[in-house]
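Kindly generate the complete structure, drawing on both the sequences and the hints.
What follows is each chain in one-letter form.
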Amino acid sequence: MNKAKVKKYLIDTWLTIRFPILAIILGLFVGALAMIWVGIQDGMTFSETLMQPVNGYRALFVSVFGSAYGFGESLVYAVPLMLTGLSIAFAFRCGLFNIGAEGQYIAGSFAAAYVGFTFSHLPTPLQLLLAIIAGGLAGGLWAAFAGWLKAKRGVHEVITTIMMNHIAFYVYNFLVSDVFKAQNYQGSHAINPDIRLPRFEIFAPSRAHYGIFIALLAAIIVYIILWKTKIGFEVRAVGLKATAANYAGIDVAKKFVIAMFISGILSGLAGGAHLLGTMRRAPSLGSFPNYGFDGIAVALIGQNHPVGVVLASLLFAFMKRGAPIMQAQAGIAKEVVSIVQASIIFFVAADQIVKWFFRRKTKKSAKIEVTMNE
Amino acid sequence: MQLAIEMKNIIKKFPGVIANNNITFELRKGEIHALLGENGAGKSTLMNVLYGLYEPEEGEIFVNGNKVVISEPNKAIELGIGMVHQHFMLVEPFTVVENIVLGKETKKNGLLDMNTARKEVVELSKEYGLEVDPDARIRDISVGMQQRVEILKALYRGAEILILDEPTAVLTPHEIDDLIKIMRKLTELGKSIVFITHKLKEVKSACDRVTVIRRGEGVGTVDTSSASIEDLAELMVGRKVLLRVDKKDANTTTKCLEVKNIRVKDNRELIAIEDLTFSIKYGEILGIAGIEGNGQTELIEALAGLRTIENGQIILDSQDITNKTIRERFNLGLAHIPEDRHKHGLVLDFSIAENTVLQNFYKSPFSKGIFLNYDAINDHANSLVAKYDVRTPGIETFAKNLSGGNQQKVILAREIERNPKLIIAAQPTRGLDVGAIEFIHRRLVEQRDAGNAVLLISLELEETMSLSDRIMVMYEGKIAGEMDASDATENKLGILMAGGQLNGGELNE
Numbered sequence: 001m002n003k004a005k006v007k008k009y010l011i012d013t014w015l016t017i018r019f020p021i022l023a024i025i026l027g028l029f030v031g032a033l034a035m036i037w038v039g040i041q042d043g044m045t046f047s048e049t050l051m052q053p054v055n056g057y058r059a060l061f062v063s064v065f066g067s068a069y070g071f072g073e074s075l076v077y078a079v080p081l082m083l084t085g086l087s088i089a090f091a092f093r094c095g096l097f098n099i100g101a102e103g104q105y106i107a108g109s110f111a112a113a114y115v116g117f118t119f120s121h122l123p124t125p126l127q128l129l130l131a132i133i134a135g136g137l138a139g140g141l142w143a144a145f146a147g148w149l150k151a152k153r154g155v156h157e158v159i160t161t162i163m164m165n166h167i168a169f170y171v172y173n174f175l176v177s178d179v180f181k182a183q184n185y186q187g188s189h190a191i192n193p194d195i196r197l198p199r200f201e202i203f204a205p206s207r208a209h210y211g212i213f214i215a216l217l218a219a220i221i222v223y224i225i226l227w228k229t230k231i232g233f234e235v236r237a238v239g240l241k242a243t244a245a246n247y248a249g250i251d252v253a254k255k256f257v258i259a260m261f262i263s264g265i266l267s268g269l270a271g272g273a274h275l276l277g278t279m280r281r282a283p284s285l286g287s288f289p290n291y292g293f294d295g296i297a298v299a300l301i302g303q304n305h306p307v308g309v310v311l312a313s314l315l316f317a318f319m320k321r322g323a324p325i326m327q328a329q330a331g332i333a334k335e336v337v338s339i340v341q342a343s344i345i346f347f348v349a350a351d352q353i354v355k356w357f358f359r360r361k362t363k364k365s366a367k368i369e370v371t372m373n374e
Numbered sequence: 375m376q377l378a379i380e381m382k383n384i385i386k387k388f389p390g391v392i393a394n395n396n397i398t399f400e401l402r403k404g405e406i407h408a409l410l411g412e413n414g415a416g417k418s419t420l421m422n423v424l425y426g427l428y429e430p431e432e433g434e435i436f437v438n439g440n441k442v443v444i445s446e447p448n449k450a451i452e453l454g455i456g457m458v459h460q461h462f463m464l465v466e467p468f469t470v471v472e473n474i475v476l477g478k479e480t481k482k483n484g485l486l487d488m489n490t491a492r493k494e495v496v497e498l499s500k501e502y503g504l505e506v507d508p509d510a511r512i513r514d515i516s517v518g519m520q521q522r523v524e525i526l527k528a529l530y531r532g533a534e535i536l537i538l539d540e541p542t543a544v545l546t547p548h549e550i551d552d553l554i555k556i557m558r559k560l561t562e563l564g565k566s567i568v569f570i571t572h573k574l575k576e577v578k579s580a581c582d583r584v585t586v587i588r589r590g591e592g593v594g595t596v597d598t599s600s601a602s603i604e605d606l607a608e609l610m611v612g613r614k615v616l617l618r619v620d621k622k623d624a625n626t627t628t629k630c631l632e633v634k635n636i637r638v639k640d641n642r643e644l645i646a647i648e649d650l651t652f653s654i655k656y657g658e659i660l661g662i663a664g665i666e667g668n669g670q671t672e673l674i675e676a677l678a679g680l681r682t683i684e685n686g687q688i689i690l691d692s693q694d695i696t697n698k699t700i701r702e703r704f705n706l707g708l709a710h711i712p713e714d715r716h717k718h719g720l721v722l723d724f725s726i727a728e729n730t731v732l733q734n735f736y737k738s739p740f741s742k743g744i745f746l747n748y749d750a751i752n753d754h755a756n757s758l759v760a761k762y763d764v765r766t767p768g769i770e771t772f773a774k775n776l777s778g779g780n781q782q783k784v785i786l787a788r789e790i791e792r793n794p795k796l797i798i799a800a801q802p803t804r805g806l807d808v809g810a811i812e813f814i815h816r817r818l819v820e821q822r823d824a825g826n827a828v829l830l831i832s833l834e835l836e837e838t839m840s841l842s843d844r845i846m847v848m849y850e851g852k853i854a855g856e857m858d859a860s861d862a863t864e865n866k867l868g869i870l871m872a873g874g875q876l877n878g879g880e881l882n883e
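Going line by line, the protein sequences match chains X and B.
Anchor point for the first sequence: position 291 equals 291 in our numbering, and the numbering is continuous, going up by one each time.
In short: position in the second sequence from 1, add 374, done, that's our numbering.
Since the hints were made in silico from the structure, they are not lab data.
From the three backbone atoms N, C-alpha and C, an ideal C-beta is built for every residue, glycine too.
Please note that a few of the clues may not be correct.
[As the list claims (entries may be wrong)] Footprint (simulated), chain B over chain X, 3 or more residues, beta carbon under 8 Å:
no., stretch
1, 223 to 230
2, 236 to 244
[What the hints assert, rightly or not] Covered by chain X, per the in silico footprint, the following chain B stretches (three or more residues, Cβ under 8 Å):
no., stretch
3, 562 to 574
4, 723 to 730
As structure tokens, then:
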């Protein structure tokens, strides 16, 4: 690899990540304003008000990086966020908007739990492996159905996946609160405790578990599939220009099913890994767990790239971990973190605003793109 | 003679490129002035400077003799300069009147007054002979009509000077004639027109003077009457250009493609092709002439496998491909240079390298097992780029960053290098400059001489006539007539294209 190539690569990387980074900074800034506003509402003095964001963000930071325990706890959230983020990013690379990660997550949790409380006569490692595979497969099939509906009947995946989220939610609750309900518990039978995913000693007593390896491995595999394999080539071609892919002899409809299947596997793994890492049983759900929906934001901020998704999922995990601590220690409502998250999403989605900042500075370089496109 | 526009020593630089290097341009009042140059020569840049889209680094602009600084399009409009862009800026679901007044609406008591607006638009269109249906929706009218709406939009804003950016690129031959008539009428009524183009014939037939730009430099301004088409081509490209295709007689052998009684429906489920039968031999170029929308697109798509046929049979190289998939057809020796290179030919956000293996990526040596072999793909791409003279910084460049001519060369290279037996070339030179056209024509003739068959579908009669060995005219989904290219004249083909009949070479309408 020569120097020029490395330099070009670094420049390309910077051009890709500068928008999300600026969006994050702007999001934190909006959050700071919210904290100041909260301070004014509480009748603080001027100097106290100005210290609000400092205290708030310090509490957030310390809650994650102040202790091995805190960091470990945020890793617990990173696992499902990373996987659902990858799931949505993968579908998006094929031009599909998988809003159904939530439902696939739920399907994955149940399938993993089912193996966990049913096949306890199997050797432990085999049962664990089977539980993970079942989780992925359940999510994959749940999503592939939506892909199949699009391929065969042209039904838009946004509609079907949203509806299938609700179907998954109620079927799941029916199964764990009725068919497989454990006595005296709000949830299913207990999972064989031996197949719980191992936990990290160094982050003890946090719940941080080896599921993070599944998530990181998935990120690497997604990268390889997208950019090193034939199926990834086809998926990206369909996502970037379905008409040209079709012209070139790529079976577009089939790619929709395959991409949704792979996407669903990732969301299913999110459900399975989170369950096998942190829970004793599949609990009945009062509301959606939201990892699937947050995954949309993670994919968006991560620019649908595995590396970006990994980083974005960590950011969201840190905020998820820090929000309640911030409320307890700095007295700032944890909803402020939701404001920060929402603002970041807003600024990434409204990237025209962010790009406008850059364009002010580099008016000329923006124009060269225009001429090149002529 | 009074000058409407004077641009003196304009320099416009982009990082790494000097798009306009010291160009001087004068537009007289009441003339049609062609701005001629190859793609990427800097014509559009110069006019964008005039329209206030770019700020030049150096140079002065005078409008009607007064020095002006045009910092934005609104300023240009104020000065009476209007521009019709190559890609129309119209709101499809809006009506003609709504589009024309958009942004300059007439108001009465703070409410929209469409009646007055409509009256004004109708008057304007009568005055300039730009007939349009004021109440039709943009999406329902033809491209030629849409262009009239764009011109009316500029006139409605008080334009005295009109810049038309490649206005004929999207028009049929008949529409081009109409446009030229309209331009004449406009100049008679005192307007001045800048006509950006790279088509030499139009410069000769429509323009009073022509300024030629080559690689960002002004080559000179001449009266069109004093320069031949060959002179203009040489000025534009900087070397002698072969305008007629130089080819030997065809050496045909057996049948390569046989189309038997096919029936094809269009997107609206209406019959587009009815009972069509023809064949192409190895070693021949069959040209299909016809006005756009007479079934050519459906025919191409049916042959390429992009559209299912209702009835009939397609045989390629003695194999029935009627029900074969697109990929199977490619593997049996079909190549397809598609009509719309952005929609079908290229994945614009893929690199050149990826685009060169769009069909064959799954075959050895471009992949091994489930993995792609980027070394082989890159080697292949590099050799194609060199062999077909694709001007690009490298094979990693996105297809969208290439000029139209170079994009087309990538497609041509990819298709020819797959060693096809039949090449479907649909409008292979649309929107390209003479240099690229010459290159592409020569490659197609080479393929014919190598014994392969070429099916050429073009809306440019001249191209069809000079390239083909045999010409077939399509009208309303049927073959209106067929003749050897040596017997074909523009007149004969024109009659068939319009639905008329020939009788022993005599007109019989």
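Comparing the hints with the structure gives:
Restraint check on the stretch 223 to 230 of chain X versus chain B: 3 residues with Cβ-Cβ distances below 8 Å, three needed, restraint holds. Evaluation of the coverage hint for the stretch 236 to 244 of chain X: fulfilled, as 6 residues show C-beta separations to chain B shorter than 8 Å, against a requirement of three. Given a C-beta distance limit of less than 8 Å, the hint that chain X covers the stretch 562 to 574 of chain B is violated, as 0 residues qualify and 3 are needed. As drawn, the stretch 723 to 730 of chain B meets chain X at 3 residues by the rule of a beta-carbon pair under 8 Å; at three or more, the given contact holds.
Hint violations for this structure: number 3 only, all remaining hints satisfied.
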